[in-house]
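Just so you know, the sequences run in chain order U and D. Read in order, the letters of the first sequence correspond to residues 1 to 296 in our numbering. Read in order, the letters of the second sequence correspond to residues 1 to 309 in our numbering.
FYI, nobody ran anything at the bench for these hints, they're computed from the structure. Some clues are possibly wrong.
[Claimed, not checked] Simulated crosslink set (DSS-like; lysine-lysine; CA at most 27 Å straight-line): (1) D:K197 - D:K177; (2) U:K289 - D:K4; (3) D:K177 - D:K106; (4) U:K120 - D:K197; (5) U:K176 - U:K289; (6) D:K177 - D:K4.
Keep in mind it's a predicted model, so treat the numbers as computed, not measured.
Chain by chain, the residues:
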Amino acid sequence: MLENLLSAGTLTQILVGLSRTTILFIVSSGLSLILGVLRIPNIAHGSLYMIGAFSAYTVIQFLGGGTLAFWAAMVAGPLVVAALGFLLERGFFSYLYDREHLMLLLLTFSFTLILGDLVKILWGSEYRSITAPPIFRGSAEVFGLPIPQYNLFLLLVGPVIAVFLWLVINRTRIGKIARAAAVDSEMVSAVGIDVGWVFAFTFVLGCFLAGLGGALVAPIVSISLGMDHSLIMEAFLIVIIGGLGNIWGALLGSLIFGLTQSLGILVWPQFGIVFPYLAVVVVLVFRPKGLLRSAW
Amino acid sequence: MKGKHAAAILLLVLLAALPQFAPRFHVYIVSILLLTGLLATSLNLAIGYGGLYQFHHAVFYGIGAYGTALMLTRSGMPAALGFLAGPLLAALLSLAIGIVCVRLSKLYFGMLQISLGSLVWATVYRWYSFTGGDDGIHGIPLPDLLSSTTGAYYYTLIVTAASLFALYRIVRSPFGKALEGIRDNPVRSSAIGIHVKLHQLAALVIAGFFGGVAGSLFVVVDTSVFPDMMFWTYSLEVLIMCLLGGMYTFFGPLVGSSILMLLRTYVSIHFQYWHLFLGILLTLVIIFLPEGVLGAVVRRFRRAETGHA
Numbered sequence: 001m002l003e004n005l006l007s008a009g010t011l012t013q014i015l016v017g018l019s020r021t022t023i024l025f026i027v028s029s030g031l032s033l034i035l036g037v038l039r040i041p042n043i044a045h046g047s048l049y050m051i052g053a054f055s056a057y058t059v060i061q062f063l064g065g066g067t068l069a070f071w072a073a074m075v076a077g078p079l080v081v082a083a084l085g086f087l088l089e090r091g092f093f094s095y096l097y098d099r100e101h102l103m104l105l106l107l108t109f110s111f112t113l114i115l116g117d118l119v120k121i122l123w124g125s126e127y128r129s130i131t132a133p134p135i136f137r138g139s140a141e142v143f144g145l146p147i148p149q150y151n152l153f154l155l156l157v158g159p160v161i162a163v164f165l166w167l168v169i170n171r172t173r174i175g176k177i178a179r180a181a182a183v184d185s186e187m188v189s190a191v192g193i194d195v196g197w198v199f200a201f202t203f204v205l206g207c208f209l210a211g212l213g214g215a216l217v218a219p220i221v222s223i224s225l226g227m228d229h230s231l232i233m234e235a236f237l238i239v240i241i242g243g244l245g246n247i248w249g250a251l252l253g254s255l256i257f258g259l260t261q262s263l264g265i266l267v268w269p270q271f272g273i274v275f276p277y278l279a280v281v282v283v284l285v286f287r288p289k290g291l292l293r294s295a296w
Numbered sequence: 001m002k003g004k005h006a007a008a009i010l011l012l013v014l015l016a017a018l019p020q021f022a023p024r025f026h027v028y029i030v031s032i033l034l035l036t037g038l039l040a041t042s043l044n045l046a047i048g049y050g051g052l053y054q055f056h057h058a059v060f061y062g063i064g065a066y067g068t069a070l071m072l073t074r075s076g077m078p079a080a081l082g083f084l085a086g087p088l089l090a091a092l093l094s095l096a097i098g099i100v101c102v103r104l105s106k107l108y109f110g111m112l113q114i115s116l117g118s119l120v121w122a123t124v125y126r127w128y129s130f131t132g133g134d135d136g137i138h139g140i141p142l143p144d145l146l147s148s149t150t151g152a153y154y155y156t157l158i159v160t161a162a163s164l165f166a167l168y169r170i171v172r173s174p175f176g177k178a179l180e181g182i183r184d185n186p187v188r189s190s191a192i193g194i195h196v197k198l199h200q201l202a203a204l205v206i207a208g209f210f211g212g213v214a215g216s217l218f219v220v221v222d223t224s225v226f227p228d229m230m231f232w233t234y235s236l237e238v239l240i241m242c243l244l245g246g247m248y249t250f251f252g253p254l255v256g257s258s259i260l261m262l263l264r265t266y267v268s269i270h271f272q273y274w275h276l277f278l279g280i281l282l283t284l285v286i287i288f289l290p291e292g293v294l295g296a297v298v299r300r301f302r303r304a305e306t307g308h309a
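Using the sequences and the accompanying hints, generate a full structural model.
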């Protein structure tokens, strides 16, 4: 088994794992943001990711494919999801912030059920797929190994999003307020800041990230109902092992998850999916509150 | 109090007579209803009485079922041993997971519990040679006495009633009261000399055991097991049953699971989008009826009894 690790496929597998990490990071950083600032364990985050993918598909179908359609989909998909997030936040969550976590968890689970069926009504239950735009088709040579160009593109997107989030959280006024609200929202409102809108902004940003993850993943997976279920569990575990509300924790958690997954398949193909869960258990046994400092 | 007992006995008599007049399909549905009610009640011991965020309870249901199914299909042991082995295995697993999780509280507890549970699920899901992988195991051979729908029904009824009685006694015992005390104020409970973690661990093991009993009953009623029984979405569905009926009442989860299963059976015949229906119903319950259906009824009665507003 272990000799598989030393083969040439390992590097390819690591690069594929890293591009998967990008998707996991984008989605889980949104989840982490919402969990850290609003304290909502949002299971519907997975559904938003799925809607992001389906919306991207529809935009590309509508514009008839091509490079421009791809970029339009990458912008429009997440925006649709962000708009949906805005409605959910203003319509429901803004009235329910003081409820206990269990209730919020179940409420978001019921949204998952509703959104899942709405996707089925709108898009049907067949599998959909989109192809990467012409500039990302084919593969490039990295250290003499063929890597799909789209995966390389994803590897570039990850750091860009990470830096963008860091800037928003640390360098903008609203980001600073959101961080303060994560620690003590009562105090923030006591100094005269309307916390409600900060919460709305954070929630919408988090949803945007879920949609972006869905749109970005669309060309490399089959877009289907049920793509929300496996992803949301992974995203939750990533957020927990990284440290609730910590963006860098989400990055670290995604790396652990993505790499154990892709290398696990190499070591022991049948039980590949077991490895990430095992890694999570090991982390949590030794660091029950996650690897990095959590916002709570 | 008298009225309550009379109602319980009347319900039992009705249930006992059911196969005499109801068609087989209904007998099957009621069997599933009973064992699911037991599953939800066992979860409620941990989450309602213990305040422990047991997010992945279906794992114990699944392991109880798989333990029983594997004993019946793969070992030459007597069937009775299989029916015992499943729940015991579930209790053992619950002890192992509990020891790791009980150090944490609330959301962290729940998340560690759900990841450990997912680990178990992933193993079962992939271990084709032993558990049948994603196909599961079908056509499990049962002893003659249980192989008919009616036989399976009576077995389920007796075991469920006995288990519920045991659980009822447990929550009414000093142990149960201590558990509720811990839920409401762990610091204070610890200060008056209650070993908090030990009580919580015991509650988890008991909940896991009875979850496993429900699983072994599923094997009897359905003669099959499959990994979806222990996927995390089912765990949340069981949580919903508790919430729907009312978490802080003993019979709430039973009411909740019955409502959910009946709705699922009859709504999905006429309406294709069952999840949409359930999601909307659940949203309304959480917003307007957070203590559950039975919880709301009980409160209304209490209010009427004491004359308070």
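Consistency of the hints with the structure:
no., hint, result
1, D:K197 - D:K177, "holds, 15 Å"
2, U:K289 - D:K4, "violated, 46 Å"
3, D:K177 - D:K106, "holds, 20 Å"
4, U:K120 - D:K197, "violated, 45 Å"
5, U:K176 - U:K289, "holds, 23 Å"
6, D:K177 - D:K4, "holds, 21 Å"
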